[in-house]
Structures are given as structure tokens and as C-alpha cells.
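Listed below are the residues making up each chain.
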Amino acid sequence: MMNVKVSRTMYFIMIINILWDKAIGATASVTARAIGPDTWISMSFGFGAGAFIILIVAYLGSKFPEKTIIKYSEELWGKLLSKIVGIILAVFFIVAYGVCANVLILHAKEYFLVETPFVLLCLIFTLLCMYAVYLGIEVIARYAFFGAVSILLMTMLMAMGSNDEFHLNYLLPLMDRGFWPDIAASVYSFGDIALAVLAAGFLYPMLDSSKKSLSLSFWAMIAGGVAVIIWPVIETGVLGGDMMQRYVFCCMEQARATELSRFFPRFELIMIVLFNAGCVVQSSIMFYCAKLAIREVTGIKKDVYVIISLAVILTGVTYFIGVDNNNYSGFLAYPWAQACAALSIGLPFLLLVTALARGKLKSKKLLCPPKNQSGC
Amino acid sequence: MKKIAAVVLIIINAMLLPGCWDMREINDLGMVMAVGIDKDVAANLYIVTVQIAKPASGDGDKKSEHIWVVSAEGKTIFDAVRNLALLSSKRIMWAHNNLIIIGESVARDSIIPVIDYFTHNPEVRMETFVVAAKGDAKQYLSSTSGLEEIPGLGFRDMYRYEFLTGKSVQSNVLRVARRYFSDDRQIAIAAIDFEKGVIKPGAEHPESEAKMIKLAGAAVFNDDKLVGWLTPEQTRGLAWLRNEAKAAVVTVRAPGNENRSVSVETHNVKAKIETEVHEGIPAVTIILSGDAHIDEEDSATNLSMEEFKEIIDQLVEAEIAAEIKLTLDKVQKEYKSDVLDFGRTIHAQHKEEWNKIRDQWPALFPKVPVKIVVNIEIRSSTTLQQPMKDLKRGIGQ
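So the protein sequences, as listed, match chains S and E. Residues 499 to 874 (the numbering used here) make up the first sequence, in order. Residues 65 to 461 (the numbering used here) make up the second sequence, in order.
No lab work stands behind these hints: they were computed from the structure. We put the beta carbon where it would ideally sit given N, CA and C, even for glycine. The reader is advised that the hints may include incorrect statements.
Said to hold, decoys possible - Residues of chain E clear of chain S, computed beta-carbon distances all greater than 12 Å: (1) Q203; (2) D221; (3) Q234; (4) A311; (5) V313; (6) E370; (7) Q413.
What the hints assert, rightly or not - Taking CB as the label site, the calculated pair distances span: (8) S:P763 <-> E:G292: 21 to 27 Å; (9) S:L670 <-> E:M157: 36 to 42 Å; (10) S:G844 <-> E:M157: 49 to 55 Å; (11) S:W717 <-> E:K139: 53 to 59 Å; (12) S:Y632 <-> E:K139: 48 to 54 Å.
As the list claims (entries may be wrong) - Derived, one-sided and incomplete: chain S residues facing chain E with beta-carbon distance under 10 Å: (13) L670; (14) P671; (15) V736; (16) M741.
With the rest of the complex left out, here is chain S (with noise of 0.2 Å):
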């Protein structure tokens, strides 16, 4: 039984916060070194996919009610596969949060601080990460309105002040390597996917009950895309897909080059001011997600432990994964955006055919909200 409740609105502002900071900028650097110009439309066809796959973690949270997608993994598999379950995802929790974090601390270190020692940065945020775990899922899905809003104002800063170099004849030709190299080349969207959709095993049980909708998962998904995609469409019509591709973080490259007027020439430490808030939410979740699964997978009942242990293993995970950017970018292309891949569309699926197999769907109504309101 899940005893921490978040309301719609909180979730539907995680789900955007978790898809999209690593994403306007890591993702679309990796994803234009495969596909050049076409990133913003390989992005597009997979949050599209994306959102199909978070709707069956829904679905299968909706019949599992109050249940994480461990313990129905238990009921669906028996104890030890949903042993195994738990263990992967809390690796893949853990270095999801390497992933994540690095993504502020590399922007930090190349940009800003570029003395300050590395793994002092990744015990700081860590550290940050850990006291907002410790507050508890409602402290960060508060925090994440600020992500949300940050993210508007970020994005709406950063288009008027690339008005002047944007050239939309650059996103031209569509699909310029072929419509099958941007499918194959979607498959990079899916470090960010997974994120989300597997969080979603977790969070969706923590919705209140009477306003679980199979909906909002979906449109949280499409939304993220949304606030995603705008931004490789900009960066491709300002700094044109062969540039993009050099950089390990094609955003801060762009926000090189945004000039908001000849009085406010420097976009570089708004832009980021105002994409800490959505890191922080995006890493903490990862933290609170990878906390989740080591306590379930070990029992353990005091949250302190966990969380303290987790710290140290953060810190230097983050630390491993970050320490050479060009590793850092490597590991994004290979094999992390595979395995996240092969973990979001495969564990859901099998997760749902077992469910049909076993008869586990038919016996539970899907919960829906009462009559005045909007779902399922």
C-alpha cells in the first residue's frame, strides 16, 4: 500500500519535468550526430511512441491499484523474477541518476565552474538530491511546479532571442536520411522515455485513487514531447544539424548564441537558473525512484539507510559516468539509449501480455473518476 498521495496535477508536471531536461540538449546532440537535421522529427516519432508505452503502465497501474510495478511484477511472475525486477531497476534507477545529474553538473563545470573539483559538484547536487528525497515525493512534485515554469519561461526566453539567426530553411529537407534512419535514430529519445515510463510504475500507484486516469499519463507524455521537440527545432534552425552534432549539449550552445537584446547579450546563466529547478526534479525522481526498488527488492524499513547508502552510491556513480564528457556523451548514444529501449517497451510488455495470459486483467475494474470529471 502506497501511503504518499499526489494529486493529477502533480504528476502530469513530474512527468514533464523527468522528460525533459537531459533531452533538450543530450539527447538532441546524440540524436543530430546520428540523424543531422531530421533530430527534431526522430524526437517526435519517439515521445510519439513514448506515449503509447506509458499508457500501458498506466493501464497495468490501474488494475494493480496502490501496487508498484514491482509488486505486481511479484503477483504476475512470483517472488524471485520480481526479485530480479526490483534489482534491475534499481541499477537502472541509479544510473538514470548518474545520467540526469551530470547533465547540470556537466553544463556547471564546462561553463561556470570550470576550477571547482568535479566530484565536489557531483557530492553537492547529490547531497541537494538527498535532502529532497528525504522531504519526500510531495516536497519534490511541489518543486516540479517551479521546473514546470521554468521550463516556459526558458523556452519562450530562448525562441525571441534566436529570432534573428533562426532559419526555418534549415530544418529543410524533411527527412533528409530517409524516414527509417529517424525511426532506427528515435531510439535515442528513449534515455528519456524510459525515464518517465518507469517512474511511472512507481508514481502512478501514488495518484489518489479516485483520479486515476489512463489519459494522463498519455497527455503528460505528449505535453513533455512538446516542451521537448520545440527545442531541437530550434537549435537546428539556429545552429543547423552539423553543428549541433559537436557538442556534447547543443542547448547551451544555443543559449550561446540567444541574444534576449544588446542589453541582456548573455543567455548562458538565465538559461541556467532556470533549468536547475527541472534537473533537480529530474535527478531527485530518479534518487526517490532508485530508493523505491532497493527497499522493496531488500525490505528494508527505515528510510534513513537506504537513503543515506544510496548517496554515496550516487556520488560516485555520477562521478564515473560524468569525469570525461566525451564518455559521458558516448555512453548516451551506446548503450544506455538501447538498454533503456529494450527496459521501458519490453519489461511493460511482457508485463501486460503475462496479465492477459494469467486472466489478471478481467478480474479488476479499471478504476475511472467520478462523472464530473475528465479520463479514462
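Here the structure of chain S is known, so what remains is to put chain E in place on it, guided by the hints.
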């Protein structure tokens, strides 16, 4: 236990979070206003010259210099920049740099190091203007700019208003890098030269004293190397095609009087490039459209305003077409460099055909037939209802 943990956390945070590692006090910084890059090709050394703003009191002391110009050498640009520390009492900071001047020696050798260093360096803004110097970049950095105490700021503002003539090109770090990394476009960078004979008030021999920088057309590159220069007139042909001539003045002969002129100011001029590819042979049609206003007539005429506008309209269209033709002859036939974006347009409009001709494009480009269509509409004769008429001699009656 909780209190002890809180105290420990506060102490750790107080020690770690002040961020002293990257602390840089403003009085320790030497803010670069403009930079020039030259190369001693024989010794394979880069020469970096920076113009640094000197902190000064606001007491209006006109005798003190407002800038400090210093040079250093190195095997790479970064090496040379770091060697500036041997001469400078302050740490070099690029965040306020306004201008990058590429010396002719570097431009003819390769501009890859310049593009790489300045796109690599996170302190440099992508909007920093880039120009190519005729001769050494170094000499331009110690010259004056007229209206500004700090020449770097003067260059920047001069460049900002370049669009008023259309006789230069808009080149900044972003635009140069974007073109360099692209496989279907070439680079053109604004050129600078010295203007002699600028009058300096109060000087005994004004013409000999004042030496100012002026925008002098464009430098055309093929891949990373300078292949030639365009005059301001030839550059304007390029600006028409790249939609960079936003308020250009076009001067044509006055109707019925070869020795007199009429000037019009163009507005909203847009170039549309249409391409077609038949059996691997591309062809280009340039359609330029926009409007203009008559701003000066040097002679009287007996034409009505409508007749006058119609004649001027045709003359302006012919003049713009001639300017574009002049540019085409130079960049397409002589320099063989696709700064006109024909390759990019073919790529965008006919991707299948482009993929077939991509590798032969450098050889095909000089042979591409180009048709020019100019449609300029004279919308008004600014503030005047009638053309100038010489009523005293009865010309206008």
C-alpha cells in the same frame, strides 16, 4: 542525533558551497574588447593581439589611454593566448569581446583554428562579430574608431549598422562556424581595410594624421582558405541574395539627364532562389522582390510622378540585377565558392538529386546557369507629391 547531523551538514555546506574555486574579482580581469589573429607562416606560429579596456577614473582625463594593446605568440591560438599572461597583470577575459579580426596570413593558411578556438571557448559569445583584415590584423587593433573611446566598441557599432549599406556581410562566430560545418555552403566574411584622409578636427594636417578602419566588402573562402576579396559593390550583390541588404541605397541615372542621379532606398527586399535539376544538371532562378522609396532627385524633370516612378523602377531593377550579375561573375566563375547558398537550396528543394550530385558540386557550381528576375516596386517619393520641376526655366510645365 538530529541536531548533531544538522550542525555537521551546516559546517560541511559552509565549507563547500561558497564557490571560491572559481572566484574572479572584476579588478583582476583584463576584458578583451577586440582580438586579432595573425600567423607567421614560416615559423608556424600564431600571433594573438588583444585590445584590452583599461580601467580609468571618471574624472574626464582625456590624455590617458583607454585601451592596452598587446601581442603574444604561440604554436596554437590557445598557446598564444596563454602566453599573454606573461605580459598582462590581469587575467584575460573573453566574455565582453566584440570583434575577432582574422589576419590575411591566417585566412590564406586556414581559418579552422580560429573557428575551433572561438566555438570551443565558452566565454566567447556566438554573436561576436568576425571580420577578415587586408594585411595583418595587429595593425587594426591599435587604430582609432572615431566616435568611441574604446575602438572595439566602435567597430562593433559600425558593424551593427552595416545593414544600412548592404556593402558588407553579416559574419559572426555562429554564422561562420555554421557555414564551415555545413557541406553545402561556403564562408564569406566581412572585410576591413584602412580609410585614409579622414578629417580630424584641430589637426594641422588632418588628412595625414587620421587613419580609420572601414568595412571594405567581403572575403570569400573555399572550405577553410581565403580565395579572394569582393569589393563593396560586389558584396552588395551577395547581400541581395542573402537578404542582408535591408535598407540599401540604389542610385541610378536621372531620366533624360545622364549626368544627374536619383537615389532610392529599398525596403523589404527578399530573394527567393528556385532550383531545378535535370539529368544531374542544376539550374538556378533568383527572384528578388521588394519595394523602394525615392529619396533624392538631383535634377528637374517634366515627367509626372507616375511616369517618373515607372522609369526609376525599371532602372533600379536593372541596377540590382547588374549588381547580382557582377557578384555571380566573381564568386561563381572566378572564386568558384558557393557563398550564394545554391548548393543548400538544391539540397533543400531536391534532396534526391542533391545526394547524387553532392560529390561533384564543387565542379558543377561554376557551370550552373543562373537567371535573375528583379521585381522592385517604387511605392513613394518620400514626402513629395511631384518630381522636382524647374519652374523658372519652364522645364516642368
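Exercise. Could you work out which earlier hints the structure fails to respect and list their numbers in ascending sequence?
Key: Hints 2, 3, 7 and 8 are the ones this structure does not satisfy, whereas the remaining hints hold.
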